[in-house]
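**Student:** Go by the hints and put chains B, C and D with the ligands onto chain A.
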Amino acid sequence: MPEAMKADLRVDVAGLRMKNPVIAASGTFGFGREYADYFDLSLLGGVSVKGLTLEPRRGNRPPRIAETPGGILNSVGLQNPGVHKFIEREIPFLRQYDVAILANASGSTLEDYVSMVEILSDADIDCIELNLSCPNVKQGGMTFGSSCPGITSVVSECRKKCRKPLMVKLTPNVTDITEIAKAAEAAGADSLSLINTLLGMAIDIETRRPILGNTMGGLSGPAVKPIAVRMVWQVANAVSIPVVGMGGISSGSDAVEFMLAGAAAVMIGTAGFVDPLVWPKSVGEIAGYMEKKGFADVQALSGAIRLW
Amino acid sequence: MPEAMKADLRVDVAGLRMKNPVIAASGTFGFGREYADYFDLSLLGGVSVKGLTLEPRRGNRPPRIAETPGGILNSVGLQNPGVHKFIEREIPFLRQYDVAILANASGSTLEDYVSMVEILSDADIDCIELNLSCPNVKQGGMTFGSSCPGITSVVSECRKKCRKPLMVKLTPNVTDITEIAKAAEAAGADSLSLINTLLGMAIDIETRRPILGNTMGGLSGPAVKPIAVRMVWQVANAVSIPVVGMGGISSGSDAVEFMLAGAAAVMIGTAGFVDPLVWPKSVGEIAGYMEKKGFADVQALSGAIRLW
Amino acid sequence: MHRERIVRMERLSDDIFRMVLQSGRLTESAKPGQFLNIRCGHSLQAYLRRPISICDVHAGDGTVDIVFQIRGPGTELLGEMKPGEEADVMGPLGNPFKPVNPGGSAIVVGGGIGTFPLLYLLRTMPEVKRTALLGFRTAGAVVMAKEFSSVADCMEIATDDGSLGHHGFVTELLEKRLRTERPDCVYVCGPMPMMRIVTEQCIGMGIPVQVSMEQRMGCGVGACLVCACKKRDGDDFSYTHVCREGPVFDGRDIVFD
Amino acid sequence: MHRERIVRMERLSDDIFRMVLQSGRLTESAKPGQFLNIRCGHSLQAYLRRPISICDVHAGDGTVDIVFQIRGPGTELLGEMKPGEEADVMGPLGNPFKPVNPGGSAIVVGGGIGTFPLLYLLRTMPEVKRTALLGFRTAGAVVMAKEFSSVADCMEIATDDGSLGHHGFVTELLEKRLRTERPDCVYVCGPMPMMRIVTEQCIGMGIPVQVSMEQRMGCGVGACLVCACKKRDGDDFSYTHVCREGPVFDGRDIVFD
Ligand SMILES: Cc1cc2nc3c(=O)[nH]c(=O)nc-3n(C[C@H](O)[C@H](O)[C@H](O)COP(=O)(O)OP(=O)(O)OC[C@H]3O[C@@H](n4cnc5c(N)ncnc54)[C@H](O)[C@@H]3O)c2cc1C
Ligand SMILES: Cc1cc2nc3c(=O)[nH]c(=O)nc-3n(C[C@H](O)[C@H](O)[C@H](O)COP(=O)(O)OP(=O)(O)OC[C@H]3O[C@@H](n4cnc5c(N)ncnc54)[C@H](O)[C@@H]3O)c2cc1C
Ligand SMILES: Cc1cc2nc3c(=O)[nH]c(=O)nc-3n(C[C@H](O)[C@H](O)[C@H](O)COP(=O)(O)O)c2cc1C
Ligand SMILES: Cc1cc2nc3c(=O)[nH]c(=O)nc-3n(C[C@H](O)[C@H](O)[C@H](O)COP(=O)(O)O)c2cc1C
Ligand code: FES
Ligand code: FES
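Going down the list, the protein sequences come from chains A, B, C and D.
Numbered by this note's numbering, the letters in the first sequence go through residues 1 to 308 in order.
Numbered by this note's numbering, the letters in the second sequence go through residues 1 to 308 in order.
Numbered by this note's numbering, the letters in the third sequence go through residues 1 to 257 in order.
Numbered by this note's numbering, the letters in the fourth sequence go through residues 1 to 257 in order.
Watch out, some of these pointers could steer you wrong.
With a cut-off of at most 27 Å between alpha-carbon atoms, the simulated DSS-like pairs for lysine-lysine come out as follows [to be verified]:
(1) Lys230/C with Lys85/A
(2) Lys6/A with Lys182/A
(3) Lys231/D with Lys85/B
(4) Lys230/C with Lys98/C
(5) Lys82/D with Lys82/C
(6) Lys231/C with Lys85/A
(7) Lys161/A with Lys85/A
(8) Lys31/D with Lys230/D
(9) Lys85/B with Lys230/D
(10) Lys129/D with Lys146/D
Read the hints as simulated data drawn from the structure, not as lab findings.
Given the structure is predicted, the values throughout are model-derived calculations rather than measurements.
In isolation and in its complexed conformation, chain A is listed as follows (with noise of 0.2 Å):
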């Protein structure tokens, strides 16, 4: 590629625009303000924040995270301060930097969901990420995500209140990814977002229990990538409004890995508690494979798998 023609790597992800492809994880990165000592955050394309509920939630008992072979369990419980406190506080903070806002919304029942929306719409945020995929939490959450008459009726009573762009993360934790994926688009989902954590379960031999407070927790990390790809290349085959994939990213070269099967643009979580600097650094490696691949504009790279 010529020196004139560095990579362009903005994406429009269905009425979200960013600079860049790569968006930190909700849940994986509060409301960007612990990270802000570590890296510019206006070097990320988005901050999908903490997931938010009407009310404030003190989340599940500990301990909320085991190890696993190259991942994480967790069982937080979408602990946060409540949507309120949110746009007040923490909206201020993120607009100081040049980065997408996306609000990662969670509710007990499909009122909560549709109220989260109403009072989004009116926040100044670019994107509300409707989690229907929460396997940590009694209600709501995974309860809606994992069939396709939950999914339908949640998105379409909020899209109708909807004004901003619309993305509907989804669970891996269901049998036909794709189904779950058209009902969401039918519903007037305007972009996917997945997979959220997978649920699983450690025991400590020694003590005999569990080691979640919870019992049974959402696995992430590297060991769930292999399936994360293979489902953000179901689903972009499925639909035809774009998908963000995540599950295991922890390097650019993971992160094309996820655009090549499909996905518009990337989420990292758990691998930045390894490593910070993965999401900043992710975006350049991006570009340098780009450049090196002769692509000029990263929208191409989404679903630009050869298969056999």
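**Tutor:** Below, chains B, C and D with the ligands alone, put in the same frame as chain A:
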């Protein structure tokens, strides 16, 4: 535990009697010949042989393996010499050892499964493991195993003809594995084994091709362990027939984790590629754990998790 | 993140190692009670970083000591590191102990690996009357007694099996002392039951107590909310986070259960 | 499985290393064309063992050489191993090359990392007229030319960029030779396209050809059936397995595609 009370490792998995609960997992141990050079097969409780079909199968195009963080994807596609050659050539070999033989049986159609069960019921084996969960074949396998009607039809038809302990192997690629497990139990399974591999995919970003010649494959190895432990725990609590647990077991400690979750016995596959001695060594490690913790009978380990 | 050179590795006991890092950055910034979050290699078995407290700081030669016990795969890998190699550390992280004013008096109560962060705390309060009460399983597990006795005005050791010092719990040593002394602050770090007893003792007597909590961590910086610990919240409780709000808390704020 | 001591590590080029293992067991048992399946540590990124050919055997001092190129995480970890450490190896595995009878003549054709197993093959046929045709990308990538020239009666090198020897492909060197010579066997190891061309040339001329195939492996011993390679089966094909039936095959049996 007093010296006299040596750990009793014998298990009876619904008629499958073994001197210890460690079984080599199907597809990872051939028909035992290859590893007989590495250790005495009589050290194991059982061997589940490579997945068998009525006719010989050639298997899928290579590459058939991809490495992923802490795991592997395979897409062998049930290459095997057919059930008749198995009976003729392999059973006599395995019968030289004091080890239970589990015949892992697959088919493309309901009729295939029933024929396999009829044929194997007359063979000198100890258990039939119905593989309703192979993700690497177009017909049969996972298609049957991922819906309740599918599993009900195959298991109940097979039950009618089956004169061996009937173990049904479940796929983890489902929304709710307890429903599938309960359907298999209701249809007449004597026991269940889980998990088979998780559907995954990996892309070589240099060539932009899927690494596997078959595009998608089945994920196994340490990476899947927390998902497998969770499913074993859920299933063991949902059914009253015994459950054989597997997925990423790499040591006696891992085996104990599955037994605490509710498994009556365990299978070990992928980890044996890295260290073939993991198969026999795990037996001793389980005994060591029991002696340290004061369990006289291995059956008491099953489900001995202490919930919070 | 930061790559710090290991200049020395010492085995202090069967399973306890001291790692000495050469780092002007750390000697200048590390405060007692803070911790480092250290990467233990790229192994399949220890994906996450491990939190290890700052144990001592030597401004003179620009080195920092951390001391750790081999507990599992992560600390095992740490123990295999060699002088000359670089450790990948984040930190110093977390909130430090608040010192007692010069002229005052302090008692530190440590149990097992909980003793390590207390050494540097004592060193930073030279004008305070300092008592160290340290509990270990057995005589063979006692480490850094010399270091502690050199920075404390008074040191007492308890072992569970009586093989050295007081036969019994370190909490008993504290109880005895509090019959006759009233320190300006008690600092405690160790197993949960020990911390609970000490905290209750102090609160009961109206003595300020600072506790250093442990919890399994993810990010170590406050972003993932996994390192939850119960905190009094009116009549109820809420979850605070050990890595960012702690690890040092006012004992009155913590709910032990 | 077997732990073999590394006695030397040598860098032969930018990205090619020779690892010398002290092992009476291996020197006694290893045959040319066989391979070892080596564990590359306990990293998250290289879970499986890696197959590496026996490159040379020195019965005198009981050592075995393997030579490998850094390609990815596994070989990178192998390259970081140090003399004194032990390598965890399975093998020798697989079927060896069949030698030409004393008095006969043989040509080995190697490309890149495919040259490595051919050295030991040549060494084990001292009474055969031996020609080595070796292809590399560029002069800087040429390794072990001296070793090859010492065991071959005649050696020719080709480089893709012409920076050393023949400018072009090693297959061209073979083609030229076969115009005037008729060896008793051609042995080939290297990239698939090269192996296909050589095999077709030989079959066309009725010259026996033995090929050493590569495939990603799981178990390395024939148990998992992942290392499939197409084999002629009447008018059709079936899948044979590189680790157990190979890696050396009669060229006539293989379907290249
Ligand atoms: C703020 C803080 C400071 C610490 N300072 C020190 C120190 O100075 N020296 C020292 O030896 N240890 C210290 N620890 C404990 C140390 O982090 C754990 O021992 C270590 O993470 C265990 O890792 P592992 O892989 O060796 O063992 P694992 O197999 O992960 O665990 C072994 C045991 O340690 C417990 N454990 C695991 N992770 C943690 C964790 N994050 N916090 C508490 N317990 C855990 C487990 O419950 C288990 O019983 C500190 C912990 C915290 C939270
Ligand atoms: C029988 C046999 C003998 C071999 N002998 C040698 C040798 O003597 N010296 C040497 O340098 N290499 C040899 N190889 C190739 C070597 O095994 C691979 O280069 C190595 O496995 C790559 O591992 P990695 O983690 O470094 O790279 P990876 O990231 O795993 O792969 C890097 C590249 O190597 C290819 N590759 C990966 N695994 C294999 C495999 N099992 N077989 C072939 N290609 C693979 C991939 O397609 C990729 O292009 C041999 C392979 C086989 C099958
Ligand atoms: C500690 C933790 C908390 C999480 N919280 C949320 C959340 O609040 N909302 C959400 O949609 N996803 C949440 N996730 C899921 C991640 O956003 C992401 O989907 C998943 O971790 C896979 O990506 P990764 O492997 O890169 O972490 C959480 C993940 C972790 C590890
Ligand atoms: C190469 C390979 C081939 C397999 N073939 C079969 C098979 O033929 N039949 C079957 O039921 N399971 C098959 N499996 C699945 C394993 O038996 C097991 O369920 C799975 O690998 C999880 O266990 P592990 O992580 O210990 O390998 C295969 C797995 C691998 C890795
Ligand atoms: S470890 Fe992530 S918030 Fe404390
Ligand atoms: S690698 Fe397992 S059969 Fe060849």
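**Student:** Taking the hints in turn, state whether each one holds.
**Tutor:** Do the hints match the structure? See the list:
1. Lys230/C with Lys85/A: Holds, at about 21 Å.
2. Lys6/A with Lys182/A: violated (36 Å)
3. Lys231/D with Lys85/B: holds (20 Å)
4. Lys230/C with Lys98/C: Judged against 27 Å, a Cα distance of about 21 Å means the pair holds.
5. Lys82/D with Lys82/C: holds (14 Å)
6. Lys231/C with Lys85/A: Holds, because 20 Å separates the two Cα atoms, which is no more than 27 Å.
7. Lys161/A with Lys85/A: holds (21 Å)
8. Lys31/D with Lys230/D: Holds. Lys31/D to Lys230/D sits at ~24 Å (cutoff 27 Å).
9. Lys85/B with Lys230/D: holds (21 Å)
10. Lys129/D with Lys146/D: Distance ~18 Å between Lys129/D and Lys146/D Cα, so the pair holds.
Violation of the numbered hints given earlier is confined to hint 2; every other hint is satisfied by the structure.
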